[in-house]
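Dock chain B against the given chain A, drawing on the hints supplied.
For the protein sequence lines, the chains are A and B, in the order given. Quick note on full-length UniProt numbering: the first sequence kicks off at 1 and runs consecutively. Quick note on full-length UniProt numbering: the second sequence kicks off at 1 and runs consecutively.
One should not assume that every hint holds.
Remember, identical chains collapse to one label, so a pair may be satisfied in a single copy or spanning two.
[Claimed, not checked] DMTMM-like mimics (lysine to aspartate or glutamate), calculated; alpha carbons at most 25 angstroms apart, straight line:
1. 244 - 332
2. 201 - 363
3. 244 - 366
4. 244 - 330
No lab work stands behind these hints, which were simulated from the structure alone.
Number of protein chains: 2
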Amino acid sequence: MAGADVSRLRELNSLSIVRAMRGQPPATVTELAARTGLSRPGTDVVVRGLVHDGWVQVVEPDGSSVGRPARRYRFNAGAGHVLGVDVGVHKILVLLADLEGQVLRSHRLPVEPDADPAARLEAVDAAITQCLADAGMRPDRIWAVTVGVTGPVDTTGRTTLFTPLPGWADVSPAEHLSARFGCPILVENDCKLAAVAERWKGAAQDADDIVYLLAGMRVGAGLILDGTLRRGYGGAAGEIGALKAVRWLSAPSRFENCPGVPDDIHPNDKAAWVFERAREGDRHARAALRRYVKDLAVGAAALVLTLDPQVVVLGGGYSRSADLLIDPLEQELRRLCLRVPEIRASDLGADSVALGALRVALDQVDARLFTDGMPAPLTVQA
Amino acid sequence: MAGADVSRLRELNSLSIVRAMRGQPPATVTELAARTGLSRPGTDVVVRGLVHDGWVQVVEPDGSSVGRPARRYRFNAGAGHVLGVDVGVHKILVLLADLEGQVLRSHRLPVEPDADPAARLEAVDAAITQCLADAGMRPDRIWAVTVGVTGPVDTTGRTTLFTPLPGWADVSPAEHLSARFGCPILVENDCKLAAVAERWKGAAQDADDIVYLLAGMRVGAGLILDGTLRRGYGGAAGEIGALKAVRWLSAPSRFENCPGVPDDIHPNDKAAWVFERAREGDRHARAALRRYVKDLAVGAAALVLTLDPQVVVLGGGYSRSADLLIDPLEQELRRLCLRVPEIRASDLGADSVALGALRVALDQVDARLFTDGMPAPLTVQA
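Chain A on its own, in the form it takes in the complex:
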């Protein structure tokens, strides 16, 4: 075999071993050989190389076992890091994670719904700066960044078709952040990222066909089909809410318009007020809830009838009151659909978009490793 072939083979074996290690407890060379189907001596050589390059860490035996215990190895999750950024209407949230997806730090900053792009980007910068400072980490230790924004994201990473963020349609978050980060920076729609998060760490880890409903101050949807995020040919999949017949634009006003809602509380809190009254049996609150669910259900039914998913995940701010929403939503879907999928409540709360952004950033790192090959982490950083 030629030299280049040998080197490529060793790299493929390195990748097999890294795959076999990730997300697993420390393992011996014998265990890794069994998992990968490589020979024990071959595994040993590759593991030593990975330790040398910084991809793998040695876990010294703790001396508690009888005889001479075998050395164990684990993937060095700290070899690199990724950032997930949620640029919301009301908040910026930044999560920092290692290569195993473990969240190490987070920083959240409020932002005014009517903030202009400069003010919003300033908040993004400040939240990232604080998050990295808390972790004592330089920007060049970050291997990938994903930014979640509201509205369908086109091929240039902008939300030119539609976004509720004032003045934001022409903003390129990737361009803005590239001043600070040399790594790949992806921009993706918030509902799509939340859907990814539900399959990664949320309510739909067992499913490959997922309709994610964002139910909050806005209503939106993200789709996972055959285990893959559906972006759409122009990045605009899941935007059923743009169809007027679907009533998603007006749905949240059902809560604001509920008789008895105090005028002087924040719009954010009006739904919570209605949910609380509905729990107490208040007639108006229950009627508002019913109307909201009916609005939500038309779009949900359109998605279910189109895609016939395994699971519908109800997420977003209102999912904290999922106990009040899921049963009536299911009843409506039974009325409207041919086959009703299981409906589950999200428990990722307000972090789901940033969590999904982390997962997409990690996928980006993996794609580079597993297609471009596997340089030592120090090379990757540069």
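Below, chain B without anything else, positioned relative to chain A:
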């Protein structure tokens, strides 16, 4: 290498060479070696084996070239055959094709819309019998059969959720045909098969993300996403027409109810009558057409907003008048959608369902060959 490994390797090489041959003009061993990356002597051995087994045919030189011309080889498309069957409301259509997908024979029988299952299955049997007889082919020469039916097809191959065919919900076409055919028999929804046909031989051969609209006496949809037919978790993807807000159920009545349509012509012909009058500029006919397109567009917009496809293909009986439909449909979609995909007319006509059935049957044959391995055709038949 152990004997089993050598045999498996030869099989893999056989499959590479078959792949390199199919759909291509006859090729020399040298050309096949270049296409597959195998050595010339190795290719020669494998090709001889394939000729012996009946998978490959020798094309003798025609003597027109100077010097000693090289022998050429081609895939023996006649090694096996597949059937595609369209069980429609008004007709049964059977297509017989070879392994290259070349249609060799077809047979069409009319069937009454209110025929009971026994009568409809009898027509299916008669059409298949006639098609095979015309080709002089025994049922054991058929390697796969796919049957297209109306309504979402569940995992048992039945249309239990919904079908317009009277009494048909519990019918298992696969079970019925298994009395005659020992090969795999698949059942699939008609719109899904028509979508497959458009990507295979129709208006969307260049696209991976396709919304197919069946516009005829009924309205339906089939979806190809990332190059794969979307069946849905329970086989019910694409059934957006079941949503009342979408008005697909009532859309075709726009033609029947057009003022001036003669009462005594067949329902099938009423739309054609309206299209003709609309072409002549008749006010009522143009109004009926506008109303039909508006109905069609709501569901089409729901599909486009959900999936953001590259192409919408307009098929079904009314696609013969696509010149009257596509412009107004596009205008409606512009009004309703964020991003409007290209809209194309199908030119496969009434054969699209049976053509898609052929493709699915050929995929089934391929899946068996390329995963289970490649016995000689005589063994496959048995």
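Hints, verified against the model:
Taking CA atoms no more than 25 angstroms apart as the test, residue 244 paired with residue 332 passes in both settings, with 19 angstroms inside one copy and 13 angstroms between copies. Taking the closest pair of Cα atoms, residue 201 and residue 363 come within 25 angstroms of each other only inside a single copy of the chain (14 angstroms); across copies the shortest separation is 35 angstroms, beyond that limit. With identical chains, the CA atoms of residue 244 and residue 366 are never at most 25 angstroms apart, being 40 angstroms at best within one copy and 44 angstroms at best between copies. When the C-alpha separation of residue 244 and residue 330 is checked against a cutoff of 25 angstroms, the pair qualifies both within a copy, at 22 angstroms, and between copies, at 17 angstroms.
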